[in-house]
Amino acid sequence: MKPGQLRGRVPLEPLDDERLVRLERAVVSGAPAPAPPRARRSTAAWWLIGATLVMAAAVGLWLARRPAAPDRDRTVAGHGVPAPVALTPSADGAPVVVVAGAGGAHVDLGDARIDATPMTSLTATRPDGGVLVELTVGSVELDVDKRGARPPLVVRAGDVDVVVVGTHFTVRRPADGGPVEVDVREGLVQVVRGAVTTAVAAGQAWSATTGQVVALDRRTTAPPAPTIAAATTDKRPVRAAGSANGGGSGARPAVAGSGDAGDLGAAIRRQPVAAGIALGSATPAAALAMLRQRVTAHGEEAAAALYGMARLQALTLGKTDDALRSIDAYVRRFPRGAEIEDALWLRVRIECRTQTSEACRVAAHSYLRAAPSGSAKAELATRVTRQAS
Amino acid sequence: MAVALYLDDVVLVDRCLSGEAAATRELFRAHRARVHGCLYRVLGSNTDMDDLMQDAFLQVFQSLRRWRAEASLATWVDRITVRVAYRYLAQRRRRGITVALDVETARTGVATGPAQQHARDGVRRLYAVLDGLSPAARLAFTLHELEGRPMHEVADLTGTSVTATKVRVWRARRAVEQAAASDAVLAGWIAAGDAPGGAA
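These protein sequences, in sequence, are chains S and H. With numbering that gives the first Met the number 0, the residue at position 256 of the first sequence is 255, and numbering never jumps. With numbering that gives the first Met the number 0, the residue at position 54 of the second sequence is 53, and numbering never jumps.
Hints were generated in silico from the structure; no laboratory data involved. Keep in mind that this is a model prediction, so the values were computed, not measured. For every residue, glycine included, the Cβ atom is placed at its ideal position computed from N, Cα and C. One should not assume that every hint holds.
Here's a subset of chain S near chain H, in silico, CB distances under 8 angstroms, partners left out [to be verified]:
| no. | residue |
| --- | --- |
| 1 | 22 |
| 2 | 29 |
| 3 | 126 |
Work the whole structure out from these sequences, hints included.
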């Protein structure tokens with residue numbers, strides 16, 4: 000037998016898609032594959048499945064027997080209510096008026112689903128291709144598909160507009176005239192109140208009391224019990240996304256609510272295309288405009304926005320020179336900012352992309368000064384700098 | 000060192016370490032074919048493949064923090080895969096289990112013609128011989144002879160010296176040749192590799 004004679008002689012039997020999907024799910028979730036038929040594992044697996052089912056049944060029983068609490072936040076559609084009413088607006092665009100009874104209501108608009116808590120009153124219309132939900136009273140939870148180039152969905156609660164580009168959030172308007180509150184669970188919305196626009200990202204909440212953004216889990220204000228009230232007379236048209244960004248409306252939106260800018264920064268850092276979070280599916284240019292506006296503020300919010308700009312420029316728009324300028328600006332303005340390590344690493348990525356140039360080594364040096372040792376990134380940067388010596 | 004080659008790996012690992020599920024999925028998809036290919040050639044079948052691939056990837060994710068970009072992520076994944084394969088072979092050897100080769104092929108009916116049948120028989124005989132080898136020798140042989148990896152790479156993956164690897168490959172090759180001397184099917188299959196178009 001000659002060396003190499005058998006190379007490539009054992010044909011590979013591919014795994015079928017079903018097995019691959021199951022594997023991927025198991026690997027990503029870190030859990031064992033659900034159904035590999037193997038005797039040595041079956042006993043433990045069945046015990047595990049049995050225990051899980053028993054626990055699920057117990058939780059379900061507890062939920063079913065628990066008294067309904069209409070005042071609580073609703074995070075799951077239909078949870079805790081008897082039988083939600085499903086309504087679909089007519090094709091001719093006539094408004095849908097919903098006055099939810101004790102069972103709440105569910106409105107499917109096709110591109111958005113609205114769950115209203117008991118005793119909520121709202122009107123849904125489609126002006127100019129957008130969606131306008133006027134909340135008279137109560138609480139609505141929305142699951143909105145990404146709107147792409149379509150006009151935005153707006154929830155209007157009194158003098159507060161919540162402009163949506165694709166997300167999952169809740170708006171509450173108490174009957175006693177208490178403050179409107181917005182909780183965002185996915186994506187990002189813009190809360191427009193008068194001339195002030197505030198971005199509220201996933202995991203954040205906004206209240207009309209302070210006009211500030213706080214982390215969702217830190218909000219302690221309980222929503223007041225809703226009752227039916229007279230419909231709002233506010234007939235302002237739906238704003239386009241651009242106008243909400245200050246791109247055309249008469250009122251210039253101001254940067255507001257720097258209360259929890261660290262959360263925005265964290266949200267930006269978590270995103271693969273970081274600044275994309277700024278406006279969900281809106282254009283990168285619009286996202287960049289919004290971030291640029293926030294850069295004019297102070298503190299952590301401006302730092303997060305500046306870093307977001309750099310990422311957007313580098314990774315989405317391919318404008319590496321602009322990105323490097325944004326990074327330089329970040330380093331000058333926020334040398335101890337929360338994103339400093341990420342910003343410096345971004346510079347390494349840009350400078351070292353094609354070759355280990357002097358600029359690449361300088362970027363690696365800068366990164367090492369800010370980065371904790373021991374990480375793979377630090378090791379790589381160290382090796383880059385050693386090449387210079 | 001080509002830093003650029005490692006940048007994407009570093010970023011991907013960083014995203015995985017930050018708990019981003021999409022990054023975990025991305026890493027799995029990027030490396031599943033090489034993990035499967037390596038395990039399949041070492042073991043000769045897809046029996047237990049789901050468990051082994053899952054073990055390999057879970058170990059990859061558990062040890063990502065220790066990856067220092069000294070080698071590419073692919074090499075790191077290969078090392079873990081080889082370790083998983085070795086442990087499996089060692090356990091199987093202790094229990095005295097042999098694997099029915101090409102169960103998958105028989106079930107899916109892929110190899111049906113006479114030539115394919117002959118090739119399948121040859122592969123089955125080959126793995127029957129490999130079942131009699133030590134796990135280390137089998138790994139060295141399959142990685143070098145069947146996968147075509149150079150000796151130094153096999154040594155690196157198995158954590159041994161190049162000399163030890165060469166000895167193991169040589170021993171395994173000798174065992175296969177001895178078996179082929181008394182097995183016409185195996186001998187015919189090996190010889191078919193010399194014929195034009197004979198390789199599968």
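Worksheet entry | Structure versus earlier hints - violations, ascending order | Going through the list in order, the structure violates hint 3 alone and respects the others.
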